[in-house]
Amino acid sequence: LALEEDVVALVLVLVERTGTGGAGCRSTWALLTLARRLGPTVAVVCGRVDAASIALFGRFGAQTVCAVTCPEMDEYPAAARVETLVELARRMSPTAILISSGQAGQEIAARVAVRLDSGIVTDTTDIRMGPDGPVALKPVLAGSYLVEAGVVRGIPVFTVQTQAVTPVALDAATAEPTIHQLDITLPARVRAVRRVSRVATSGRPADLTTAAVVVAGGRGIGSRASFRLVDQVADALGGAVGGSHTAAELGWCPRDAEIGQAGRVVHPRLYLALGISGSVRHRAGMQSAGTIVAIDRDPAAPIFQVADLGVVGDLHQVVPELLAEIRRRRAQLTIESPRHGGVV
Amino acid sequence: LIVRLVLGLAITAAAFGLAGRRVLTLYQLARTGQAVEPGRTRDLGTRLWAVVTEVFGQRKLLKWTAPGAAHFAVFWGFVILTATIVEGFGALFQRDFHIPLIGTDAWLGFLEDLFIVAVLAGLAVFSVIRLRQNPERTGRRSRFFGSHLGPAWLVIFMIFNVMWTLLLYRGAQVNTGNFPFPQGAFASDAVGDLLRPAGRTANDILETVGILGSLGVVLTFLVIVVYSKHLHIFVAPLNVALSRRPRALGPLLPVYSGGKPVDFEDPGEDDKIGRGAIEDFTWKGLLDFATCTECGRCQSQCPAWNTEKPLSPKLLIMGLRDHALAKAPYLLASEEQRATLSKDVLAEAARPLVGLADAGGVIDPDVLWSCVTCGACVEQCPVDIEHIDHIVDMRRYQVLIESQFPKEAHTMLRNLERAGDPWGRGTKARVEWMVGLPFEVRVLGEDGQDRIPDDVEYLLWVGCAGSLDDNAKKTTRALAELLREAGVEFMVLGGAETCTGDAARRLGQEFLFQELAKQNVETLNAAGAKKIVVTCAHCFNALANEYPQLGGAYEVVHHTQLLSRLVADGRLVPAHPVDAAVTYHDPCYLGRHNRIFSPPRELLGSVPGVRFTEMPRNRETSFCCGAGGARMWMEETIGTRINETRTDEALSTGADLVTAACPYCIVMLTDGVSTRKQQGKAAEGVQVTDVSDVLLRSVRGPREDGDGAPTNP
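For the protein sequence lines, the chains are A and B, in the order given. Just so you know, the first sequence maps onto residues 1 to 344 in my numbering. Just so you know, the second sequence maps onto residues 1001 to 1713 in my numbering.
There could be a bad hint or two in this list.
[To be verified] Simulated DEER-style distance windows between Cβ atoms:
#1 B/Gly1551 / A/Gly47: 56 to 64 Å
#2 A/Glu325 / B/Lys1531: 31 to 39 Å
#3 B/Glu1308 / A/Ser197: 47 to 55 Å
#4 A/Leu146 / B/Gly1268: 50 to 58 Å
#5 A/Glu148 / B/Asp1648: 53 to 61 Å
#6 A/Pro71 / B/His1410: 34 to 42 Å
#7 A/Ala55 / B/Ile1401: 50 to 58 Å
#8 B/Ser1403 / A/Ala55: 40 to 48 Å
Treat the hints as calculated values from the structure; they're not laboratory data. Note that beta-carbon positions come from the ideal geometry of N, C-alpha and C, so glycine has one too.
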């Protein structure tokens, strides 16, 4: 990467992928969408990367793809990424480093910031270029206020709530990104925390907290058998499935798919509540959703107070009609943009 | 006689030697505990009265009639029969010894014999109870489940031995002419009649054998007592005298280290935060553990235990005691000696206080986190053990030092930190409840004044639930309407309120509690608050009992107290009948913790048409809804559900209207009723509501509008 040393204003984006070595995912497209506003973007990929993925990175604005290999990448997932970013940052002095706000992302970002002695802004929802460097938008005090924050020391590190960002692809005519290979070795001192095992959670809810679309069912669904309506809607919208406290209690959905005070807190762009009354406990888990659509029989259900769109009616009639409509529109639109963009 | 004297003194010396060694060890062990917080010896009058009523009056034991009466007989038997021990020792030296002055009076002889018989009757009752509640047959339902059963039977057997040997030598004494009482000792006389045909020589021998046997049994018993759970006969009076008064309920103590409160803004380097090891408990804690008699009254009332969770307050205290005793050699050894200790002792010393079974934990995390801090155990404990304080102290260490607690509670803590309420709604949402009321609610600061004006009588503390939870908002609105109706001027803080910190404190997050509480005390003091009314039992407890610890002293009333006073004064007239079968659930933090039992019942009683039925468990023995102790914010995945158990009890009264006086309880019972409706086990018309809502229906009459209509999700 020596050739890039003289070029100013690069932006580093840490690519997130589905599983180990899988394709890039929505959060990455969102990061790239923001990053390209700040300058020429380097997509940092840990592990091997195929041609189709490289093309996709390019579609969303990556000018360079840096494929990093490290023999112990899988054993030290966080440390390896920290070392990679620190190494690249020292070589390139980028304008900013963008990382997605997931659990792993927060850890990596924090460690990178400490190592670079840089300022960090976490959980940002938008970033633009200001006169003195990048300026990030960030909700504070439980979303009561939005503040603009910049970093005054070092290479700014940002974590981004990617579900708040709409990924936008560039015209199909963009150039293929250039590829660079980088090998790094892990110094002994970063080997304190090692991956011991990888356990698959029960299916889809694993990505519940970062999903852009969440479909959730509650007591109003009526039975475990009827809960498949929720699955069907989620499938049709490419979203993740969740359930209210009651749905989890009654065993209609897995415990780790519970949304609310005692369950998961989700921040999707679209939240579809099916048969959920919307107690304050439930709202604690979904109140930061972008658009809330609720279907429930009881017109007095509190969920309608927070819903952007409410349908009062029997789920078992409304949902099949909804499904039919989604399928009808899907069939009409043969989307030429990447498959991942379809739902946003 | 010489033989009898020598033998008697020899066994006495041996017994006192053995018992003394044990007592010394126990004393040294207690000394390894931390210093206790100040105030344990304050209010001597109250403490003396507690000993009089609870030890000599057996007040708490007598809550359960049959076992209480039996224990009363045995306890007073021990007190009265000390006279016979004096007589027995006296007879070693002088065959016809009697206690000076009163020693031959008929009443003393009668009293002694009466209690010998009473103790025997008591033992019979104990045996029947133990046979009927044999845990091998009845399992977890038995209050003796997990108690040491063998030693308990041994104790009963030893007391029995004391009694029959007493009767034996006293009967023989009657025949040999050495008995102090010419009259009154009816039982001894009867035994004398039985033994008389055996002849003079036989009675002489029986007298000596009986006296030596009796003293031997008493002294053996002494040794058994100090080596067993029966130690309570010596330490219970001490424990009762030094317990928190009026009771170890209501406020939690601040975090103390070495007897001094920890300053969370600048904690000392060596401050111990909570209890992370057995030696972190205070000597009063260790005394608690030593005092436990394994009676299981706590366990029988515990909502966690009764819904198949692993927590039993009794087993928790026993576990801590057994660990303390097993670790004692390590704790009492010097650094150099420790290296030479046996492997078993070192292994015991290495056990974490709270940890999973395979890590050797003394207390399982599931045990620690199952507690709802309802106080049923503390209420029941006849020897005033402070279970909740110990549980919260262990939680404090787990939360503040280890960061180990149920992950579901993270959201609550994060929301409290960021938004000041557990659901993360933020300050702006705190005034939403008043929208649509037919009058303006006065909010502090809206008229430009920073202090509560003189014409305002009460500050209405709305609370997080009261301003954000949909059911609780209805309660707040009902109270506001009733206060308006009664002409009581009130004001709210609006966005200046934050959570009182109750849930954080019960979870063990004392740091966050201190932060929130200090902020609130500052706000309240700056506003010049004097009289406060609250609808939440948890807010009530924090404001009334815990804020004085932080310099916030206010006259706090629960809304049921204020409303019942307004009804009694005729300022509110419940004129319209509410035709409903009603039951009332005592919130733990209103009832047991704060002794407010009558006002809600008086309110319901004042409403015409209400057919009131108590639940089987009510007032002091009320069964928790399952939300206390920050359990509101955690999942309940073990055993059956506490709220459903309580809901079933409420439904069993045939109530259409299940009332409570705390938003937590209402959430839990509403959930329970919804589930039962879904299962077809509750009628569709059953509603859960606050007591004030029933009053409002009666004061205002049938509603014209749909406001406050029940929305059971």
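Each hint tested on the structure:
Look at glycine 1551 of chain B against glycine 47 of chain A: about 59 Å separates their beta carbons, and that is inside 56 to 64 Å. The beta-carbon spacing between glutamate 325 of chain A and lysine 1531 of chain B, approximately 58 Å, falls outside the hinted interval of 31 to 39 Å. For glutamate 1308 of chain B and serine 197 of chain A, the Cβ-Cβ distance of about 31 Å falls outside the hinted range of 47 to 55 Å, so the restraint is violated. Take leucine 146 of chain A and glycine 1268 of chain B: their Cβ atoms lie about 41 Å apart, and the range 50 to 58 Å is violated.
Taking the beta carbon of each, glutamate 148 of chain A and aspartate 1648 of chain B are about 55 Å apart, inside 53 to 61 Å as hinted. Under the hint 34 to 42 Å, the C-beta atoms of proline 71 of chain A and histidine 1410 of chain B, about 35 Å apart, fit the expected range. At about 52 Å, the beta-carbon gap between alanine 55 of chain A and isoleucine 1401 of chain B stays in the expected band of 50 to 58 Å. Between serine 1403 of chain B and alanine 55 of chain A the Cβ separation comes to about 44 Å, which falls inside the hinted range of 40 to 48 Å.
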